[in-house]
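Here the protein sequences come in this chain order: A and B. Counted the way UniProt numbering counts, the first sequence spans residues 1 to 198. Counted the way UniProt numbering counts, the second sequence spans residues 1 to 198.
Treat the hints as calculated values from the structure; they're not laboratory data. Treat the hints with care, as some may be off.
Intra- or inter-copy, both count: the list cannot distinguish identical chains.
What the hints assert, rightly or not - Dumping the calculated SDA-like pairs for lysine to any residue here, alpha-carbon to alpha-carbon at most 25 Å:
hint, residue 1, residue 2
1, K11, S111
2, K55, R133
3, K55, L177
4, K11, R87
5, K174, P196
6, K174, V124
7, K174, R114
8, K55, L34
Here the structure is a predicted model, which is why all the values come from computation and not from measurement.
There are 2 protein chains.
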Amino acid sequence: MARKAGSDGSKTAEAIRAAGLRLIFEHGYEGMSLRDLAQIVGIQPGSLYNHITTKQALLFDFLVEHMTRLTEALDAALAGIESPLARLDTFIEFHLRYHLTRRMEVFVNNSELRSLEPQNRAVVTGLRRDYERRLEQILAEGTRSGALNVPDVTIATFAIIAQLTGVVGWYDPKGRLGEDEIIAIHRQLVVGGLLPIP
Amino acid sequence: MARKAGSDGSKTAEAIRAAGLRLIFEHGYEGMSLRDLAQIVGIQPGSLYNHITTKQALLFDFLVEHMTRLTEALDAALAGIESPLARLDTFIEFHLRYHLTRRMEVFVNNSELRSLEPQNRAVVTGLRRDYERRLEQILAEGTRSGALNVPDVTIATFAIIAQLTGVVGWYDPKGRLGEDEIIAIHRQLVVGGLLPIP
């Protein structure tokens, strides 16, 4: 099969992205070096600049892409689902499945906001708020309809996302529980805390 | 007042500890330098070694001390409280109050386990399990007594701790909600998800 023009370049770009993420995960943003990154990818340090402009741009692009993809995938999962309880169920399942297998991405996303320059941090923080707002709206709609009894919509949003994201800290694909069981357990924990008092 | 012998030394040790924590928080373990640490504390780089042996020991000692103090304080808070529901309430309140104002400690504790040498990491992971086991026991006792309906004691333990610890990501002492309100909201979210189905 003929090789498409540019496929080498995009393969290199993808290799740089993957190795860059791993290096930030293992050493932290300040601790990682672009020299090591070039070595892992197998190119000269100078050639790196054909693909990325700066170390800051590498981190920023990664975080923007991570958050953008996450929110787009959530919107696709929620499309056509109407009732607040069903939307909450969908959110829980979506967030868990998306995060269970993305330990490095989640870790870097949560630990390296500090390393973004202020204007970049504002962009990424805005994208995070966009995602959080989806859950906030579900909780607000559920409160209005009487399906849910949410003590504080904003705080509940933060608390639920922290709880669900916590799975990346201990999930083991070869462990005792499969994805479906983990989802069922978290559904009970989350939804139980939000139901109207009978 | 006469200055006690050794008070200068212990003041310096405390200044090293505080500045070291802040540098790890801001730059990551690999990104921080002992040279910067000495400069902030106002001593010669060589004098640092009168107080700490290595950068690894600085991180390790900090994490051991953090986890040891946390578990001791929890045991003191739980002392004399008998019923599983009251113990759960106490755990929630204790964990929130302890963490709300310790953003740097929590961040370093969660982000720099990777930077510990294997035998040190095993020690700190063991101390974390000791702490988690306190909540696990409360949930197990509550399940036995019928006061709680816990879907999976181990996973619920991880999920609750992740949820409660999440407050450090957004808590603002000058913000809309005080500590008591934040505790009440989390009590409803956590306990509601663990009550028997009526």
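Taking the hints in turn, this is what the structure says about them:
1. For the homomeric pair K11 and S111, neither the shortest alpha-carbon distance inside one copy (27 Å) nor that between copies (30 Å) is at most 25 Å.
2. Proximity of K55 to R133 under the C-alpha cut-off of 25 Å is found in neither arrangement, the shortest distances being 30 Å within a copy and 41 Å between copies.
3. Proximity of K55 and L177 under a CA criterion of 25 Å is satisfied in neither setting, with 38 Å inside one chain copy and 38 Å between copies.
4. In this homomeric assembly, K11 and R87 never come within 25 Å of each other (Cα to Cα): the closest approach is 38 Å inside a single copy and 55 Å across copies.
5. Taking the shortest Cα distances, K174 and P196 never come within 25 Å of each other, neither inside one copy (37 Å) nor across copies (31 Å).
6. Proximity of K174 and V124 under a CA criterion of 25 Å is satisfied inter-copy only: 24 Å between copies versus 33 Å inside one chain copy.
7. For the identical chains of this complex, K174 and R114 are inter-copy neighbours only, at 21 Å across copies versus 33 Å inside a copy, given an alpha-carbon limit of 25 Å.
8. Taking CA atoms no more than 25 Å apart as the test, K55 paired with L34 passes in both settings, with 7 Å inside one copy and 23 Å between copies.
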